[in-house]
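**Q** Make a model of the complete structure from these sequences and hints.
The residues making up each chain are set out below.
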Amino acid sequence: MELRLENLTKIFTNKTGTDTTAVDKLDITIESGTLVGLLGPSGCGKSTTLFMIAGLIKPTSGKIFFGDDNVTRLAAEKRGIGLVFQNYALYPHMTVYKNILFPLENMDVARDEAIQRVKDMANLVGIGELLDRKPAQLSGGQQQRVAIARALVKRPRVLLLDEPLSNLDARLRLQMREEIKRIQRETGITTIFVTHDQEEAMSISDKMVVLDFGVQQQYAGPQEMYNNPGNLFVAKFLGNPPINTLESKIKNKYLMINDQKFMKVDLPDGTYDIGMRPENFRAASEDSEMKIEVDIKEIFHIGRDTMIHFDFNDQNMRALVDSDAVTADSKKITLTIKKERVYIFDKKTGKVIDHA
Amino acid sequence: MRNFFKKIKKSIKDFLWDVRKKIKIRQRKIGAYLDERNLNIATKFPGWAKALLYLSPALIVLAIFTFWPIFNAFRLVLYEGYNMTDNTITGYTIFGNFIKVINDESFIFPAQHTQGTAIVNTLLIVFISVPISIFLALFISVALNSIKPLKGFFQTIYFLPYVTNTIAIGLVIAYMFKSDGGLINQIFGLGEFSWIERGSEHWSAMFVLIFYSIWGSLAFKIMVFLTSIQGIDKQYYQAASIDATPRRRIFSRITVPLISPMIFYILVTSVIGAFKIYNHIVALFGVTGKPEGVNFTMQSIVMYIYKYIDGGGNNLSIAAAGSLILFSIILILTLVQMQASKKRVHY
Ligand SMILES: Nc1ncnc2c1ncn2[C@@H]1O[C@H](COP(=O)(O)OP(=O)(O)OP(=O)(O)O)[C@@H](O)[C@H]1O
Ligand SMILES: [Mg+2]
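Respectively, the protein sequence lines represent chains A and B.
Each residue of the first sequence is one higher than the one before, counting from 1 in this note's numbering.
Each residue of the second sequence is one higher than the one before, counting from 1001 in this note's numbering.
Certain hints may be false.
Okay, derived cross-link-like pairs now, EDC-like style, lysine to aspartate or glutamate, Cα gap no bigger than 20 angstroms in a straight line [what the hints assert, rightly or not]:
#  : chain 1 : residue 1 : chain 2 : residue 2
1  : B       : Lys1024   : B       : Asp1014
2  : B       : Lys1234   : A       : Glu77
3  : A       : Lys338    : A       : Asp266
4  : A       : Lys339    : A       : Glu289
5  : A       : Lys98     : B       : Asp1233
6  : A       : Lys249    : A       : Asp314
7  : B       : Lys1343   : A       : Asp132
8  : A       : Lys63     : A       : Glu31
9  : A       : Lys251    : A       : Glu289
10 : A       : Lys134    : B       : Asp1233
11 : A       : Lys58     : A       : Glu77
12 : A       : Lys291    : A       : Asp322
13 : A       : Lys297    : A       : Asp324
14 : B       : Lys1342   : A       : Asp132
15 : A       : Lys351    : A       : Asp269
No lab work stands behind these hints, which were simulated from the structure alone.
**A** Written as structure tokens, this is what we have:
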């Protein structure tokens, strides 16, 4: 089922009368059966967005559509969604088994089938042996998996996951990530997956939304967003190691770096924010079009790659290059980067400027 | 002006902070001094001895006003022909006084041509008014919790009976149930039906008494339940509404279990309180528990006991026997409740 948000806004007013705009004019269409990652720093309005879709928070303005139905005013009970809360919200007085069974008690499911579904779901998320425990007797990660099972067991129309993997260890997180993706593919449930971990979002999502201060920054596929960030915020938010950013001047159609003409660009003179991802640098060869020689400040060998530190316009930069491009006592290196991998952002708005 | 107050507030807080700091330093010094001389009670005494020291004021009061009377009740019950004025007895008995109580008229068995006995009346109150009042209090607190406007107003209304004198409420209730022009008779068009006066019946008097005891005990229960309901994390209700849980089931599967420790506390204390019912009956039916011109008695176990305490002399032994019977009924019932609650109360 398609999920559409139109101009969705939430303003919290506290007792002293100050307003917090948690979500600001969100306009997103989520195609049926896709998994969308909702990504952004802490406090940017991810949970609030999810709660509005779930019907637990009334939007200040804007509309929510499930397919063609306007559900903006529909009570949470009638929306048929599954929600995994950020802090699980498992019923503390019920066993794991009863927690997972609870949603089914409210639906017309035969008892045998309900029990079977609970067991299947528990096994799927790997808590089959913990069914008799109370939530207080589980670890954070186990509780999280119970919460996921509880949300999935009723086969909802829309699945909302609020940082469902934040408490798992790296291995389990990877495994659950794949599991969620697999279940989502198989069932075709339209899913929103909230996370502040960009790597997680990139690996699981069909499309991603990046929020900052409640404002949508970009809505695109993960690779697309990574390769063509819409603005400086998105560029900085995605990628590990993070993108190098620096201030740079354009003089006479040339981007100046370390007082050298680095790249020809068809933009007016002025100061711009520049972004270059560490992994997009290469050691230059003879026929490289743009190249620049830099003093190596430090070298780190990290597995397959080598990370070197150097300066561009007195700003520390990092580049990931092939291990054989540098030796331990290299002092200088000549670097190159593809033209379309140099991102130029407007200094005021932060918007990316097309220069290719 | 506001600045001035702010300054005063700040200097007071600063002062308190400094005092606290000084006390801490002094304490540490004293502690070190005592430690040096191996005199520090705080570290020298074992934990239980310290606990006993702190508990001793309460223990002394309890000993004088609770344990000593209980001991005396056991003593009195063994006496036969006890004379309080010259403190003499004619003999000892083990079961004698209990048998007297049990065979006494209107304790277990009704007297001739009357309905109601102390035991029957008390049990009726306990088993009817306690469950009803707990259920009512639960429903009302859930309802109160869900209304937003005028919340404080309604909470005050329901709390009023708690700060009002039991006897005063009793008089109002008696007035409401008056046969001649009472509110209830008027509203329901019952003419001059006699609820609790001359010519009334046991069941109608009991009805009014139960009504009264429920009303009087509701306020405190509502307050306790409301406070505990307000303490429940909202997320559980959000999760329940996501799962399309009907209100009825939210109540029975989420609200009630989550405040079950409080419900259990209220249950146990209410049962004990109901067993000790006295004021209510006096307010409606006078100290004898038997209004003029009726063929029933409304006396409760506690009233029965008081009657014999007033009598003095050997009667005190009977009162003691009555108290011990009441004590054992309450004890057994409380133990049963604790056993039964083990599975249903979620701490
Ligand atoms: N009930 C509320 N009243 C007032 N302000 C609120 C309320 N709930 C959230 N906010 C504010 O709205 C903003 C968005 O909150 P939200 O919980 O959606 O953030 P989030 O993106 O989920 O963050 P996190 O990753 O830390 O969970 C925050 O600035 C928060 O302080
Ligand atoms: Mg959140």
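**Q** Take the hints in turn and mark each one as holding or not.
**A** How the hints compare with the structure:
Among the hinted pairs, B/Lys1024 with B/Asp1014 is consistent with the structure: their alpha-carbon atoms are about 15 angstroms apart, no more than 20 angstroms. Distance check on the hinted pair: B/Lys1234 and A/Glu77 sit about 15 angstroms apart at the alpha-carbon level, within 20 angstroms; holds. Using a Cα cut-off of 20 angstroms, the hinted pair A/Lys338 and A/Asp266 holds, with the two alpha carbons roughly 16 angstroms apart. For a cut-off of 20 angstroms, the pair hint linking A/Lys339 to A/Glu289 stands: about 9 angstroms separates their Cα positions.
The suggested pairing of A/Lys98 with B/Asp1233 holds, with an alpha-carbon distance near 19 angstroms, which does not exceed 20 angstroms. Pair hint A/Lys249 plus A/Asp314 holds up; C-alpha atoms about 13 angstroms apart against a cutoff of 20 angstroms. The suggested pairing of B/Lys1343 with A/Asp132 holds, with an alpha-carbon distance near 14 angstroms, which does not exceed 20 angstroms. Annotation: proposed proximity of A/Lys63 to A/Glu31 holds, straight-line Cα distance about 16 angstroms (limit 20 angstroms).
Between the alpha carbons of A/Lys251 and A/Glu289 the distance comes to roughly 19 angstroms, so the proposed pair stays at or under 20 angstroms and holds. Distance restraint check for A/Lys134 and B/Asp1233: the Cα-Cα separation of roughly 17 angstroms lies within the 20 angstroms cut-off, and the hinted pair is therefore satisfied. Restraint check for A/Lys58 and A/Glu77: the C-alpha separation of about 14 angstroms stays at or below 20 angstroms, so the hint holds. Restraint check for A/Lys291 and A/Asp322: satisfied, since their Cα atoms lie roughly 16 angstroms apart, inside the 20 angstroms limit.
Straight-line distance between C-alpha atoms of A/Lys297 and A/Asp324 comes to about 17 angstroms, which keeps the hinted pair within the 20 angstroms bound. Between B/Lys1342 and A/Asp132, the direct Cα distance comes to roughly 17 angstroms. Compliance with the 20 angstroms bound is thereby established for this hinted pair. Of the pairs offered as hints, the one joining A/Lys351 and A/Asp269 holds, with about 17 angstroms between alpha carbons and a cut-off of 20 angstroms not exceeded.
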